[in-house]
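S.K.: The chain contents come next:
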Amino acid sequence: GENVEQHPSTLSVQEGDSAVIKCTYSDSASNYFPWYKQELGKGPQLIIDIRSNVGEKKDQRIAVTLNKTAKHFSLHITETQPEDSAVYFCAASIGRALTFGSGTRLQVQP
Amino acid sequence: SAVISQKPSRDICQRGTSLTIQCQVDSQVTMMFWYRQQPGQSLTLIATANQGSEATYESGFVIDKFPISRPNLTFSTLTVSNMSPEDSSIYLCSVLVRGSTYEQYFGPGTRLTVT
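Just so you know, the protein sequences line up as chains A and B, in that order.
So the first sequence is numbered by my numbering: it starts at 1 and just counts up by one.
So the second sequence is numbered by my numbering: it starts at 1 and just counts up by one.
One thing to keep in mind: the hints can contain errors.
[To be verified] Derived CB-CB ranges, DEER-like: (1) Pro8(A) / Thr79(B): 30 to 40 Å; (2) Ser81(B) / Asn67(A): 28 to 38 Å; (3) Ala70(A) / Gly99(B): 41 to 51 Å; (4) Gly55(A) / Thr101(B): 13 to 23 Å; (5) Asp26(B) / Ser26(A): 27 to 37 Å; (6) Thr113(B) / Asn67(A): 35 to 45 Å; (7) Gly99(B) / Ser26(A): 22 to 32 Å; (8) Asn53(A) / Gln28(B): 25 to 35 Å; (9) Ala70(A) / Ser81(B): 40 to 50 Å; (10) Thr10(A) / Ser53(B): 41 to 51 Å.
By construction, these hints were calculated from the structure, which means they are not laboratory data.
Note that beta-carbon positions come from the ideal geometry of N, C-alpha and C, so glycine has one too.
With the rest of the complex left out, here is chain A (with noise of 0.2 Å):
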C-alpha cells in the first residue's frame, strides 16, 4: 500500500518568515495530495490540494508543489503568522482512501 513521510515533525519560525514542509510518497499512482492543518481540540481542516496534473497551486499565503517523478510534495507558507500554529498533515490518494504522513508541528514564535 501507499507510504507517506513527512518532515520535519516539528519546526519553529519567527512571525513574517516562510515555512516550509516536506512529503515523499511510495505509490506512483497516487494522483491526489491535500494538506491539512489541525488545531487543538479540532478535526483536520483542508486548506489546499493538488493533483497529479498539475505541478504548483497557490493560495494566497500557501503554496504546494509536486515533483511526481521524485514522488515528492511540499507545501510552503509565506509570512507566517501566530495563528498559523498548528499541526499539518500531508496525505496521498489513489482514489478515496487518505495516507497521511506523520504530522508537523507548526510553531510561529511572535
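We have chain A; now place chain B onto it with these hints.
M.R.: Here is chain B on its own, set in the frame of chain A:
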C-alpha cells in the same frame, strides 16, 4: 464543503463497555469514512461506511470490534466494542461531498478515553 457534526464530542468509558459515535452531515455525500487518531499521532483509516451494505474495513480493523452503520446518505455510526485502554483515541468522521471528486472534509472528532 459540508458541515459535519459528531456526538459525543468526548467520553470517558470503562474497559469492557461499548460506545457508539454518531456522524451527521448537513448535505448528501457520496462517501463517508471513519479514521482513528491515537494520541499525538497521525490519522489511520478504519473503514469506509457504505450506504445500505457492510462497511469496507482496512487491514487491522474488524467488524466485530468496530461495527459501522450508514442507514442513509447523511448519517453514520461507529461503535467501539469491548473497549480497552488501547482504544483511547480521537475518532473522526470524514466525507466526500457530492460533486467533489477527491476533497474530504472532517468532523470535529470524538475524544475517547478508556479507563
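S.K.: State for each hint whether it applies.
M.R.: Right, here's what the structure says about each hint:
1. Pro8(A) / Thr79(B): 30 to 40 Å: 37 Å, holds
2. Ser81(B) / Asn67(A): 28 to 38 Å: 44 Å, violated
3. Ala70(A) / Gly99(B): 41 to 51 Å: Hint violated: Cβ distance 32 Å, outside 41 to 51 Å.
4. Gly55(A) / Thr101(B): 13 to 23 Å: 19 Å, holds
5. Asp26(B) / Ser26(A): 27 to 37 Å: This hint holds: roughly 36 Å between Cβ atoms.
6. Thr113(B) / Asn67(A): 35 to 45 Å: 41 Å, holds
7. Gly99(B) / Ser26(A): 22 to 32 Å: The hint (22 to 32 Å, Cβ to Cβ) holds, given that glycine 99(B) and serine 26(A) are roughly 30 Å apart.
8. Asn53(A) / Gln28(B): 25 to 35 Å: 28 Å, holds
9. Ala70(A) / Ser81(B): 40 to 50 Å: 43 Å, holds
10. Thr10(A) / Ser53(B): 41 to 51 Å: This hint holds: roughly 42 Å between Cβ atoms.
Violated hints, in rising order: 2, 3; the structure is consistent with all others.
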